[in-house]
Amino acid sequence: MAPALMQTEGVSKPNVHRRIEALATKLRRRQLIGSRQVALEVVRLLREIVSSAKFSSFKQLVEHLDEVGRVLQDAGPKELVVTNMTRRIAMLISEEYATALSNFLADSASSSGGATPSSIPPTPALGSNLDSTNSSFFTDAGRTRGGALGSIFDLLGHKTTSAGAISTTTDGAASTSHLGTPSALSSPSSSTPASPQTHSPSSSTILSRPNLPMRTPSLVSPHVQALLEDEFSRKSFSLKPLFIEAIQELMDEVESTYRSVGEQSIDHIHSGEFILTIGQSNTVEAFLKAAARKRKFTVIVAETAPSFSGRRTAASLSASGITTILIPDSNIFALLPRVSKVLLGPHLVLADGALLSIAGSLPLTLAANRMRVPVVIVGGMFKFSPLYLGEADWGMRDLGSPEEVLGRGEGAATGEEEEDTEVLNPYYDVVPAELVDLYITNLGGHPSSLLYRLLSETYGTGSS
Amino acid sequence: MSSPKPTSPEAQGSPKRTPASLPPPVGLASPKAAAAAAGGKVDKNAQKAAKAAKRAAAKGLQVGEQAPAPVAQQQGAKDKGGKPAAGGGAQATKAAAAAQASGSKGGEAAGAARAGHQGAATDNTDPLQLFLHLDLPSHSSQLSHSSKSSTSNIHPSIIRLALQYSEFKIVGANARCIAMLEALKDIISSYTPPAQTNLTRHLPTTHLNPQISHLIRARPLSVSMGTAIRYLKYEISLIDQEMDVEEAKSLLLLKIDSFIRDRILLAGKVIEQHAIEKIQNGDTILTYARSSVVEGVLLEAKKQGKEFSVVVVDSRPLYEGKNLLTSLRSASIPTTYVLLSSLSLILPRISLCFLGTHALLSNGSMFSRAGTAMVAMMLKEKGVPVVCCCETYKFSERIMLDSIVGNEMASPASLLSATSTDSTTPSIPSTPSANLSPLSLLYDVSRPEDVTVVITEAGLIPVQSVPVLLRDYKPLAGL
Chain A
1 MAPALMQTEG VSKPNVHRRI EALATKLRRR QLIGSRQVAL EVVRLLREIV SSAKFSSFKQ
61 LVEHLDEVGR VLQDAGPKEL VVTNMTRRIA MLISEEYATA LSNFLADSAS SSGGATPSSI
121 PPTPALGSNL DSTNSSFFTD AGRTRGGALG SIFDLLGHKT TSAGAISTTT DGAASTSHLG
181 TPSALSSPSS STPASPQTHS PSSSTILSRP NLPMRTPSLV SPHVQALLED EFSRKSFSLK
241 PLFIEAIQEL MDEVESTYRS VGEQSIDHIH SGEFILTIGQ SNTVEAFLKA AARKRKFTVI
301 VAETAPSFSG RRTAASLSAS GITTILIPDS NIFALLPRVS KVLLGPHLVL ADGALLSIAG
361 SLPLTLAANR MRVPVVIVGG MFKFSPLYLG EADWGMRDLG SPEEVLGRGE GAATGEEEED
421 TEVLNPYYDV VPAELVDLYI TNLGGHPSSL LYRLLSETYG TGSS
Chain B
1 MSSPKPTSPE AQGSPKRTPA SLPPPVGLAS PKAAAAAAGG KVDKNAQKAA KAAKRAAAKG
61 LQVGEQAPAP VAQQQGAKDK GGKPAAGGGA QATKAAAAAQ ASGSKGGEAA GAARAGHQGA
121 ATDNTDPLQL FLHLDLPSHS SQLSHSSKSS TSNIHPSIIR LALQYSEFKI VGANARCIAM
181 LEALKDIISS YTPPAQTNLT RHLPTTHLNP QISHLIRARP LSVSMGTAIR YLKYEISLID
241 QEMDVEEAKS LLLLKIDSFI RDRILLAGKV IEQHAIEKIQ NGDTILTYAR SSVVEGVLLE
301 AKKQGKEFSV VVVDSRPLYE GKNLLTSLRS ASIPTTYVLL SSLSLILPRI SLCFLGTHAL
361 LSNGSMFSRA GTAMVAMMLK EKGVPVVCCC ETYKFSERIM LDSIVGNEMA SPASLLSATS
421 TDSTTPSIPS TPSANLSPLS LLYDVSRPED VTVVITEAGL IPVQSVPVLL RDYKPLAGL
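Heads up: the sequence lines are chains A and B, in that order. Taking full-length UniProt numbering, the leading residue of the first sequence gets 1, the next gets one more, and so forth. Taking full-length UniProt numbering, the leading residue of the second sequence gets 1, the next gets one more, and so forth.
Keep in mind the hints are simulated off the structure, nothing from the lab. Hints are supplied without guarantee of correctness; some may be wrong.
Stated by the list, open to error - Mimicking SDA-like on lysine to any residue, the simulated pairs with C-alpha atoms at most 20 Å apart in a straight line are:
id	chain 1	residue 1	chain 2	residue 2
1	A	Lys341	A	Asp252
2	A	Lys341	B	Leu130
3	A	Lys240	A	Ser256
4	B	Lys322	A	Leu424
5	B	Lys278	B	Val384
6	B	Lys269	B	Leu130
7	A	Lys240	A	Arg47
8	B	Lys322	A	Leu438
9	B	Lys302	A	Leu250
10	A	Lys13	A	Lys294
11	A	Lys289	B	Pro127
12	A	Lys296	B	Gln129
13	B	Lys278	B	Gly459
14	A	Lys294	B	Lys302
15	A	Lys296	B	Asp126
16	A	Lys289	B	Asn435
Keep in mind that this is a model prediction, so the values were computed, not measured.
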């Protein structure tokens, strides 16, 4: 299968394409399992692509990455981590680019004598002027329109303050509700309608993302600004080291997930408590093992038929000295009242906080919720997807082999012709966010109500 | 149930002798001395130790801790009770295969080692201490040829029945109760009261009680069996002392038959009729594990021409649902089979849920096969009516607030062994260590609010009416 890299194929060399192909094949064959493993592979590949890419404009690079991401995601549609990572990287390098661009523009503006350099605060990490992290940002149309709007606003602001005030107050609600829309251009400077130039930078960084690169050159003519940006975009080739550094940081973050999650464990586990978990998750194991160095507690592991992955967890935990009780899945309900926390390592966390977690998680979390037993989720930030279940369809739940559940010929009466039995063996359950009490990531612990902020900081606020 | 290793019976048979060697881990008494000492003191401590030894033996077998006695004793002295000796493993297999006697010693040593372990490191508490009051099932050979005084008077039918219970050949409240009543009929028909006493005085206490306690040694009494025994004893007490023995015996046999017929079989039929009315064409009915009543309902409904499909939810360790699946399939009922963990996937299509139960507690909780509570809760949350089918003789005066106060443990061996039932599943990869304790409860207690309606032979009642029915419903005199 040839990957569909029609438009931007030229960006990468053939040998890189072969690597993309290889990873896609691995994903397609499910040879690569585990969110963290997939995330690392994808980041590694993208790092290579960026470092060897030939591109004539920054836009082209981002589009290329985007396409590679799509190819990989199509190969492994269940591993949404692929999209998470490509979007994250696109966002990171765009941030780097935006910072560099604004510096460049400021320099050129100051060299032309007009600008006030003090009005260019450094771009905050979370608020670059990107509408979305993939191909849709930085389109030329948006750019020129932004520039034009900026200058018009400028003029209006100077002459008729009342008009500016009206336009911004009407937009105020909208721009705060969804920060990513271009309407955020009507900046909250209206609160001080006297002059748009003297608006407080703090309010702009809080309410709307600071579109500083656009505002600065408002003294320069929009035409010149567009030219400058084009020129910079062509030279963005030289920013590669910055890009690679940003990707490397992400890689470090993914690699150190277990450690950084584990470090928080003693904040959540007290001695002598009973913790119940199901399935097998490396993050959960790391979390518990880290806690076991300081505290003594008991872990109850449900064996999680039909994969029996819980047994692996039980074996691994007990081998590292944690008192472990292995129970069949049917005993979960009976033992839950004696459990003080339920710990889960989901496959994926969707944008609304819902979990895609091993089959059996929903009955467990529901029962825990009804018995007021807190449900704690541990997982790296890379597992947090900006997609909702509506977008990532229900087919995600993925059926496994029925033979694991009911062996051939089992449950059949001998001989005669009889009704066929449907045997279902789903991999995943979808657990709604309201059943989860705490999400622990490498960034810290979060309630589900904060996840949307976390995601917008991680992936930018654009819609996918 | 997987077949346990051949030596485990001996290992488990030993605890009677271990108590003597309890607190001092070092210098363990020899089995003979222990046996001699054990004759006198059967205090609480000893019993506890016996239980611990039993558990340790069950676990020890898994660990391969069948080292011959001396090795294990050394281990005990070193306070390394749980750790298997590297050399012991090889010997263990030998022992398991060949010498039963050595196996017995090994098991006992394991128990002793465990006791020593507990004694020396008191802070290292048993992770299963919450469940110490629950009994492990006795193994079959402990029941059959222990040839102690206790089994000498036991009727062969009871011995056979106890074996069937302990090997889970007969499971289910109804099946166990009927089988027990049949065995009691055997006893009664071959019974002759000793010379100086009469049937009314001798039969229920001196003669029947040891038989019943033998059954209890195999598995704890089910509520259904308790009701039946109480009924039988009541009937015995009603017998006129002057009545001819043969006549009394035939009267009792008749009474037992009528109990089986009225309280169990006919009750089941009546429940079937009530339940079938609740089934509509096109329904998808969910049931968990296997209940004889529910099975009867489904088969009878099909016979009456209802069109419906059945989702069988099942779970380890007993996989009873597979048997239900077999009989539903041969009745050409469309079936779906899932495990308990996959419940949420099939939930949207379920329109009705039938659950059988082991016993119905006085607050309306079902005391039923482990997992039933989870199923009931999920369906209730989903808004599916949960119908409990239960004969009145399974109603219990008892109230349990959780599933741990009164329960039964299944042999933990099946949890650790490579699943004997499925060849495809991965076995537990590493050797289980001292930190790993398997635990498998057979029953759980559901929440009363999860049950929409209870169908009994006395009609359809809400769970709140269970205690009322329990007090007022007297289908046969004396219950």
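Hint by hint, here is what the structure shows:
1. Between the alpha carbons of A:Lys341 and A:Asp252 the distance comes to roughly 30 Å, so the proposed pair goes past 20 Å and is violated.
2. As the CA atoms of A:Lys341 and B:Leu130 are separated by approximately 17 Å, the hinted pair is consistent with the 20 Å bound.
3. Between the alpha carbons of A:Lys240 and A:Ser256 the distance comes to roughly 24 Å, so the proposed pair goes past 20 Å and is violated.
4. Between the alpha carbons of B:Lys322 and A:Leu424 the distance comes to roughly 14 Å, so the proposed pair stays at or under 20 Å and holds.
5. The suggested pairing of B:Lys278 with B:Val384 holds, with an alpha-carbon distance near 13 Å, which does not exceed 20 Å.
6. At most 20 Å may separate the alpha-carbon atoms for a hinted pair to count; B:Lys269 and B:Leu130 exceed this at roughly 41 Å.
7. Taking the CA atoms of A:Lys240 and A:Arg47, the gap is near 10 Å; set against the 20 Å cutoff, the hint holds.
8. A hinted pair counts as satisfied when its Cα atoms are at most 20 Å apart, and B:Lys322 with A:Leu438 does not qualify at roughly 38 Å.
9. With a C-alpha separation of about 61 Å, the suggested pair B:Lys302 and A:Leu250 falls outside the 20 Å cut-off, and the hint is violated.
10. Note on A:Lys13 and A:Lys294: the hinted pairing is violated, with a Cα-Cα distance of about 51 Å set against a maximum of 20 Å.
11. Under the criterion of a C-alpha separation no larger than 20 Å, the hint pairing A:Lys289 with B:Pro127 is consistent with the structure, at around 17 Å.
12. This hinted pair checks out: A:Lys296 and B:Gln129 have alpha carbons roughly 15 Å apart, not beyond 20 Å.
13. Between B:Lys278 and B:Gly459 the CA atoms are separated by roughly 13 Å; this keeps the pair inside 20 Å, and the hint holds.
14. Between A:Lys294 and B:Lys302, the direct Cα distance comes to roughly 60 Å. Violation of the 20 Å bound is thereby established for this hinted pair.
15. Using a Cα cut-off of 20 Å, the hinted pair A:Lys296 and B:Asp126 holds, with the two alpha carbons roughly 13 Å apart.
16. Pair hint A:Lys289 plus B:Asn435 holds up; C-alpha atoms about 14 Å apart against a cutoff of 20 Å.
Of the numbered hints given earlier, the model fails hints 1, 3, 6, 8, 9, 10, 14; all others are met.
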